[in-house]
Amino acid sequence: MMVDPVAVLIRGLSFIAMFQAVGGALFLTLFGSQLPVSDMPIRRLLRRVTMVAMGLLLLQLSFEAARLSGELSGLLDAQMQQLAWHSATGTATRLRLIGLVLVLISLYLSRRHLAGVLCLIGTATLVAAFTIIGHTVDHPHRAILVLLLLAHLLIVAFWFGALWPLRQAVSHEAPRVAAAVLERFSRIAVWIVPGLLLAGATVAILLVPGFSVFSQPYGQLLLTKLALFGVLMGLASLNKLRLTPALLQENPTAVPRLRRSLSGEYLLIALVLLVTAVMTGLYSPD
Numbered sequence: 185m186m187v188d189p190v191a192v193l194i195r196g197l198s199f200i201a202m203f204q205a206v207g208g209a210l211f212l213t214l215f216g217s218q219l220p221v222s223d224m225p226i227r228r229l230l231r232r233v234t235m236v237a238m239g240l241l242l243l244q245l246s247f248e249a250a251r252l253s254g255e256l257s258g259l260l261d262a263q264m265q266q267l268a269w270h271s272a273t274g275t276a277t278r279l280r281l282i283g284l285v286l287v288l289i290s291l292y293l294s295r296r297h298l299a300g301v302l303c304l305i306g307t308a309t310l311v312a313a314f315t316i317i318g319h320t321v322d323h324p325h326r327a328i329l330v331l332l333l334l335a336h337l338l339i340v341a342f343w344f345g346a347l348w349p350l351r352q353a354v355s356h357e358a359p360r361v362a363a364a365v366l367e368r369f370s371r372i373a374v375w376i377v378p379g380l381l382l383a384g385a386t387v388a389i390l391l392v393p394g395f396s397v398f399s400q401p402y403g404q405l406l407l408t409k410l411a412l413f414g415v416l417m418g419l420a421s422l423n424k425l426r427l428t429p430a431l432l433q434e435n436p437t438a439v440p441r442l443r444r445s446l447s448g449e450y451l452l453i454a455l456v457l458l459v460t461a462v463m464t465g466l467y468s469p470d
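The sequence shown begins at 185 in our numbering and counts up one residue at a time.
These are calculated hints, taken from the structure and not from any lab test.
Worth double-checking, as some hints may not be accurate.
To be verified - Derived lysine to any residue pairs resembling SDA-like cross-links, with alpha carbons at most 20 angstroms apart: (1) Lys424 to Pro469; (2) Lys424 to Gly394; (3) Lys409 to Pro469; (4) Lys424 to Leu380; (5) Lys409 to Leu455; (6) Lys409 to Val462; (7) Lys409 to Gly379.
Whole structure, please, built from the sequences with the hints as guidance.
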């Protein structure tokens, strides 16, 4: 059936766009004032990404109606569309849209404090939407899972959303300016990345019923995510320990190498988000 693969692809693309939008806005909230050249171009790009994310969310919800009906004709079935809109998925979609609207408004504001407050509220609203659907809803340890999931998603959003703005900073800012931003970002990452790993591992342990799941698609996709995360950590370490110091020393090879490394990190997390869309959209940990 073609409905499921297309719906999951749209779901994955919406994850990428949403996390880029809110994570990029969080990055600008913290670092925008330190980017005299690239702040506005990044801001304009994030506005477009946020609007794309909103469109993908609406398209994704339309395909949920098609999945409910079991065929593409569900896209044109008003009754199935209404059913999808009033489902838990519809509620989650509305919350995500509200979060994205707040983030979009923040990206137009010149008052950084107010923009930061709206960005934080919008991000929290969007991330909270992930807790009202999915495998954690009926779990006996739901309370702890919700807290862990919120922490995990916030960290992923910030890390992923920061990578493209960091690449733009490396490309367009003076080397010392870009290196200073990278160093500050790395100091934050030192604290949040272990939290990402701990929260993700704990969620997996609570959701996975036993080792037998690793012979099933859900478990195999989970192992794929872990492998991608391992490679991601290698690239992040390279950036922090070798490439950022080289940029600070104005080594001529540092800029192209950092751009490639940051692009690699971006693609890896995008793949993780696509894998997550397949896991949560098609399979169960049971």
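Structure-based check of all given hints:
no., hint, verdict
1, Lys424 to Pro469, "violated, 35 angstroms"
2, Lys424 to Gly394, "violated, 37 angstroms"
3, Lys409 to Pro469, "holds, 14 angstroms"
4, Lys424 to Leu380, "holds, 18 angstroms"
5, Lys409 to Leu455, "holds, 8 angstroms"
6, Lys409 to Val462, "holds, 11 angstroms"
7, Lys409 to Gly379, "holds, 16 angstroms"
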